[in-house]
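Novice: What follows is the residue order along each chain.
Number of protein chains: 2
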Amino acid sequence: MKIAVLGTGMVGDAIGTRLVELGHSVMMGSRTAGNEKAVAFVAKQNNGKASAGTFADAAAFGEIIFNCTKGVEAINILNSAGAGNLDGKTLIDVTNPLDFSKGMPPTLSVCNTTSLAEEIQSAFPGIKVVKSLNTMWCGLMVNPGMLNGGDHNVFMSGNDAGAKKQVGEILKSFGWKENNIIDLGDIKTARGTEMMLPVWLSIFTSTNNGAFNFKVIR
Amino acid sequence: MKIAVLGTGMVGDAIGTRLVELGHSVMMGSRTAGNEKAVAFVAKQNNGKASAGTFADAAAFGEIIFNCTKGVEAINILNSAGAGNLDGKTLIDVTNPLDFSKGMPPTLSVCNTTSLAEEIQSAFPGIKVVKSLNTMWCGLMVNPGMLNGGDHNVFMSGNDAGAKKQVGEILKSFGWKENNIIDLGDIKTARGTEMMLPVWLSIFTSTNNGAFNFKVIR
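So the sequences go chain by chain: P and R.
Counting in our numbering, the first sequence runs from 1 upward without gaps.
Counting in our numbering, the second sequence runs from 1 upward without gaps.
Hints in this document: simulated from the structure, not taken from any laboratory.
A quick note: this is a predicted structure, and the numbers were derived from the prediction, not measured.
A virtual CB, placed ideally from N, CA and C, is assigned to each residue, including glycine.
Hints are not guaranteed to be accurate.
[Said to hold, decoys possible] Dumping the calculated EDC-like pairs for lysine to aspartate or glutamate here, alpha-carbon to alpha-carbon at most 16 angstroms: (1) P:44 <-> P:21; (2) P:2 <-> P:63; (3) P:215 <-> R:57; (4) R:215 <-> P:151; (5) R:2 <-> R:36; (6) P:215 <-> P:151.
[Said to hold, decoys possible] Distance windows between CB atoms, simulated: (7) R:39 <-> P:162: 35 to 43 angstroms; (8) R:76 <-> P:1: 54 to 62 angstroms; (9) R:208 <-> P:177: 17 to 25 angstroms.
So that you can see chain P by itself, here it is in the shape it has in the complex:
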């Protein structure tokens, strides 16, 4: 499948690399086609499946879009990617609206009565937004088996059942077991997973270990 990864940070790199490894054709999008990190990403894949371009190039290329941008910049970036390049496609929103401008620990730029995922869905009604994977370190997103035999949880929120099914298939290809994928409901439920970031950061800080995840025990 042709997949766009928007963003050149650790998360975009981890997801893009894993998608290429699984045989997908991946275009990494960034502000400029010659972005250093995107070029390095392409260079380290050795099966010719990776490419780089602008946000608009990548959005036009991908049948599915991973949003791995900085949360507070996401809507501007999606605007520059162009609604026409995104409409009708599934967008997997991995970002969190972390605002570091007021010091540490970061606060959320939106929360409680809305969420970044809802803001994106509302700004781009033609996109099928599915919030997922945003509650953990990127190493675990694409390789859940590195912890507890993969027995921990990933959440999903979105309005479109078909898009969530598509995301579920990708998650399973990453190694997530079906019964560990929790569909929380519509896109409003993304408030809950985005609001897990403060406790995530406190656990990270108090244990000095980011390679953890939550499991719902029932």
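Add chain R to chain P, keeping to what the hints say.
Specialist: Leaving out everything else, chain R in the frame of chain P:
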């Protein structure tokens, strides 16, 4: 030990009952000394260890205070309990700032840049506030063993190490294993656990089961 439980709801009843069972003397505090639920709570304990009174009576009685009031009313209630009755004592804050006035799902009346626990600590600097137990259904708070052999987590946030130690002992008496009690740090980290409520509610709604808890897998 003499313990005050402020609040007559399900949470206060579950915690008060468990404390009496463990041999503590418990006074349940409410607006009026003759509160129906408090009277019923006292009547069902049969070892003479339970009593009821006003918030001020209970606060004066307890060496330790459990705050099991409605979060949005907590500061008013603590004011009516009286700083003079509370100062120097450990207050275990089990409440969440859930605001149901804007419809379902509830939002939080405070979050992100502060928390209810911080607001209480700031309004009553003489109290040693420890946030704990607020991330789960009350049945599990006092009986963690009913799920997965007790193997899931409870969090703690607070500024006073001695108070957190005291709370840790109470949690252990409830059945929490030491390595499942996670000290997140100072009272500011209560933002994280209070902000888990939206995802808690979404999991509850999507699975139709409130008897679950989170386990940090690492």
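Novice: For each hint, tell me whether it holds in the structure or not.
Specialist: Status of the hints after comparison with the structure:
| no. | hint | result |
| --- | --- | --- |
| 1 | P:44 <-> P:21 | holds, 11 angstroms |
| 2 | P:2 <-> P:63 | holds, 6 angstroms |
| 3 | P:215 <-> R:57 | violated, 41 angstroms |
| 4 | R:215 <-> P:151 | holds, 11 angstroms |
| 5 | R:2 <-> R:36 | violated, 22 angstroms |
| 6 | P:215 <-> P:151 | holds, 7 angstroms |
| 7 | R:39 <-> P:162: 35 to 43 angstroms | violated, 55 angstroms |
| 8 | R:76 <-> P:1: 54 to 62 angstroms | holds, 57 angstroms |
| 9 | R:208 <-> P:177: 17 to 25 angstroms | holds, 21 angstroms |
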